[in-house]
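If you read the protein sequences in the order shown, they are chains A and B. Taking my numbering, the leading residue of the first sequence gets 1, the next gets one more, and so forth. Taking my numbering, the leading residue of the second sequence gets 1, the next gets one more, and so forth.
It is possible that part of the hints are untrue.
Simulated crosslink set (DSSO-like; lysine-lysine; CA at most 27 Å straight-line) [to be verified]:
no.	chain 1	residue 1	chain 2	residue 2
1	A	71	B	177
2	B	177	A	49
3	B	61	A	71
4	B	150	A	71
5	B	61	A	49
6	A	27	B	125
7	B	32	A	11
8	B	125	A	49
Just so you know, the hints here were simulated from the structure itself, not pulled from any lab data.
Letter by letter, the chains look like this.
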Amino acid sequence: MGDHCQQTMQKLSGYMDRELNDAEVRKVKAHLDDCPPCEQVFEFQAGMKRLVRRECCTDEAPPRLRDWVRKLATGHPKPAE
Amino acid sequence: MGQQGIGMSSDFSLFERHVDALYRSALRLTRKPEDAEDLVQETYLRAYRYRNRFQPGTNEKAWLFTIMTNVFRNRLRQHPLPESPIDQPGADFSIYDQLRREGMPVHLMSPEEIIVDRGFGDEVKHALEELPVNMRMVVVLVDVEDFSYKEVASILGIKIGTVMSRLHRGRQALQKKLWEYSGRPKPSAIAVGAH
Chain A
1 MGDHCQQTMQ KLSGYMDREL NDAEVRKVKA HLDDCPPCEQ VFEFQAGMKR LVRRECCTDE
61 APPRLRDWVR KLATGHPKPA E
Chain B
1 MGQQGIGMSS DFSLFERHVD ALYRSALRLT RKPEDAEDLV QETYLRAYRY RNRFQPGTNE
61 KAWLFTIMTN VFRNRLRQHP LPESPIDQPG ADFSIYDQLR REGMPVHLMS PEEIIVDRGF
121 GDEVKHALEE LPVNMRMVVV LVDVEDFSYK EVASILGIKI GTVMSRLHRG RQALQKKLWE
181 YSGRPKPSAI AVGAH
């Protein structure tokens, strides 16, 4: 594992979470374009993140709760303060 | 001077749109639908009570999540939930590395294929809910709710470096749980090979 690979692995979460500055993004992207093994690691970790998001976004608030919040929002009835 | 708080109750409807996000995160935190519903109600009641402290134009979703995580942590202090200890991997753990060690064609497999398409239903949610609460909150806020590290640091009142280390450890622990669910040998039983 070369120096570039190691540096890229350290920045991978930041890259995936869009937390890097433009210069860092360019550097990571250039390495990933060049290095299939690192690119595969990135694809896999990004896939994990998508999976967590997709699986956890299926729950919706129960209608009862939604109605309750709407009533609060419209001020009917006004809750005790 | 900018206008402070939101006065008219109609402005409160700005907060209404986040009910699904708050509820699904409350579910991951409390693990029970009735507790999650209660936590979200308490969050909105407080948001209503303190609505004049909200700065219009700032991120109302982050504001609501700040309230909710505070309420949740206070409740947890009063009634601690049992936490299953996770054995922290000594070395970095990832499903990707494990599969490579098994000689699997990892580049041809997506995490969806490996984890979900094996006939599991809710294993990702369950794995997440088994994480220690500090890691769980960070993973939920970053990976599910798409907050930035800086926003998460502000919501939880912790340093950005702490956000990053909890996220790193949380994601690894999550993968370890999913790996165990998939019926493969415990990572501790696998010799750690060279990268």
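Against the structure, the hints:
1. A:71 - B:177: Measuring from Cα to Cα gives roughly 41 Å; hence the hint is violated.
2. B:177 - A:49: holds, 15 Å
3. B:61 - A:71: holds, 19 Å
4. B:150 - A:71: violated, 33 Å
5. B:61 - A:49: Holds, at about 21 Å.
6. A:27 - B:125: violated, 34 Å
7. B:32 - A:11: violated, 36 Å
8. B:125 - A:49: holds, 13 Å
The structure fails to meet hints 1, 4, 6, 7 from the earlier list, while all remaining hints are met.
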